[in-house]
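Peer 1: If you want the building blocks of each chain, they are given just below.
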Amino acid sequence: MPLKIGKEKNAGYLKRRVEDISGIKIDGCLQCKKCSCGCPVTSSSSSSPSEIIKLLQLGAGDELLNSDIIWVCASCATCFSRCPMKIDMMAVMDALRILAVERKAVIPEANAPLMNRALLKTIRIFGRTYDLGAMLLYKAGTSTYWNDMEKIPTLLKKRKIAILPPHGADKKTVRKIFNKTNEIKDNG
Amino acid sequence: MMKYVYYPGCSAESTARDQYKSTLAVSRALGMEMIEPKGWTCCGSTPAHQVNHDLAISLASANLAKVKDMGLEMVVSCAACFNRMKTANHEIISDARTRDNVSDALGRDYDGSVPVRHFLEIIIEDLGLEKLKKAVVNPLKGLKVASYYGCLLVRPHEVTGFDDSEHPLYMDKIVGTLGAEPIDWPYKLECCGGSLTLTRSDVVVKLADQIIGMAKDSGADCIVVACPMCQLNLDMRQGDILKATGRQHNIPVIYITQLIGLSLRIPKRKLGLNKLLTSPDKIIGLLSQGSSK
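First to last, the sequence lines map onto chains A and B.
Numbering that gives the first Met the number 0 numbers the first residue of the first sequence as 0 and each following residue consecutively.
Numbering that gives the first Met the number 0 numbers the first residue of the second sequence as 0 and each following residue consecutively.
These aren't lab readings, by the way, just hints derived from the structure by calculation.
Every residue gets a Cβ at the ideal spot worked out from N, C-alpha and C, and that includes glycine.
Mixed in with the good hints there might be a few duds.
As the list claims (entries may be wrong) - Covered stretches of chain A (in silico footprint by chain B; criterion: 3 or more residues with CB under 8 Å from a CB of chain B, positions within the stretch not fixed): (1) 97-111; (2) 159-170.
What the hints assert, rightly or not - Partial selection, computed: residues in chain A whose CB lies under 10 Å from chain B: (3) Leu57; (4) Thr77; (5) Phe79; (6) Met89; (7) Met134; (8) Asp147; (9) Lys175; (10) Ile176; (11) Asn181.
Using the sequences plus the hints, can you model the full thing?
Peer 2: In structure tokens:
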């Protein structure tokens, strides 16, 4: 993906934030590209793991946060497993996801952050994931409303997905964790 | 009797109820006692680590701290929960700041010391293949099985420590012990797209098609898995693959615990085999043919 690196007033800002959140030293990358060769989603996105690192090294700013690979990455860890410099690319991707949301970058239509919020909401309420609830919350907020809906009757008939929300979890501890880690407060 | 704390994970109550049922049925048949931690909670799964590092590690650690009090090892059957629990231990041991933040969130200190084991490790390392072989009453003769490991069991190996990171054989060894034929195939570690299933089902369909296609081309009658995401993606997406590519795979994708259960003659319903979207009747038929010969 040809990405024009803008003249930043604050060059290297994004790299420093990524390093701070992930604990990874971006300059350790040698650009051997083993990560990109093994990556299962580079063909489904306009960028690749090694390219993301290179752009960070070159001082890319918020424009990098619009890269679709941030949300197509499946965290399969093939990159990290094969990296000769032991760069944890998954931690880098997690940091970029956090920053993309924080800096209000362009989020692809599939809206993975909404899926994350929906799932976390059910965990905060029930202490465990409630698939069906999260799915409906997500579907209500995207334009992909009808995708996969035809599967619901079969999944329900086979009891392959639970109808009722989970119960029996230690909800008090979970609520405390959400509050203490500053994620989705009680009024969120 | 071998005794463990079994952490079911959220999918055990929903999309992987079949994995949960078959794990418990097989454990019982093989003389393992599984105790569930009271009030267990979500491990954080994909959304937590994509959103907030300390939230992710704390959610997993809440369960590990409960198991610590019980003084036993934690056994996990879901590959995703296994990965998150292992990651929590790893992060807490290697980073003091994370340990502090987690102890603040939990209201108690947790030192990262609870051993986390996958159910496959228990079978191979604790029970042993010899004992498993003795327990087999219905050898799965003539069944060709592709063992699909995916990502979360094996990667990153520094964290999971599971078998071998480029050439794992735990499931293949179990398949062989059950009397079936483990096939050699090159895609056992490819990614199925995992949690992209709802947000980017097009990517999952593409990856699942490649994996299933390779298993079939290598001669497999069925694919065995140990991960709820892999099972759902490879099984449920076969209809979408047909729509997108015209390829009709029609190959059962079953949990390794269900396969073990079949060899122990545990009734189909107790193994949750009725929940599979691609019917396993074809392979069960193959097995009854084999045993009548």
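Peer 1: Next step is simple, just say for each hint if it's right about the structure.
Peer 2: Structure-based check of all given hints:
Coverage of the segment 97-111 of chain A by chain B holds. Counting CB-CB distances below 8 Å, 5 residues qualify, and the rule asks for three or more. Counting residues of the segment 159-170 of chain A whose beta carbon lies closer than 8 Å to any beta carbon of chain B gives 8, which meets the minimum of three for the stated coverage. For the restraint placing Leu57/A at the interface with chain B, the shortest Cβ-Cβ distance is roughly 25 Å, beyond the 10 Å limit, so the hint is violated. About 7 Å separates the beta-carbon of Thr77/A from the nearest beta-carbon of chain B, less than 10 Å, and the hint is met.
Interface restraint check: Phe79/A against chain B, minimum CB-CB distance 5 Å, threshold 10 Å, status holds. Here the hint on Met89/A is kept, as its CB sits about 8 Å from the closest CB of chain B, short of 10 Å. Taken as an interface hint, Met134/A checks out: its beta carbon lies about 7 Å from the nearest beta carbon of chain B, inside 10 Å. The interface hint given for Asp147/A holds, since its Cβ lies 7 Å from the closest Cβ of chain B, which is under the 10 Å cut-off.
At its closest, the beta carbon of Lys175/A sits 6 Å from a beta carbon of chain B; the interface hint therefore holds under the 10 Å criterion. A distance limit of 10 Å between C-beta atoms decides the matter here; for Ile176/A the minimum to chain B is near 5 Å, and the interface restraint holds. Hint on Asn181/A holds. Least Cβ distance to chain B is approximately 8 Å, under the 10 Å limit.
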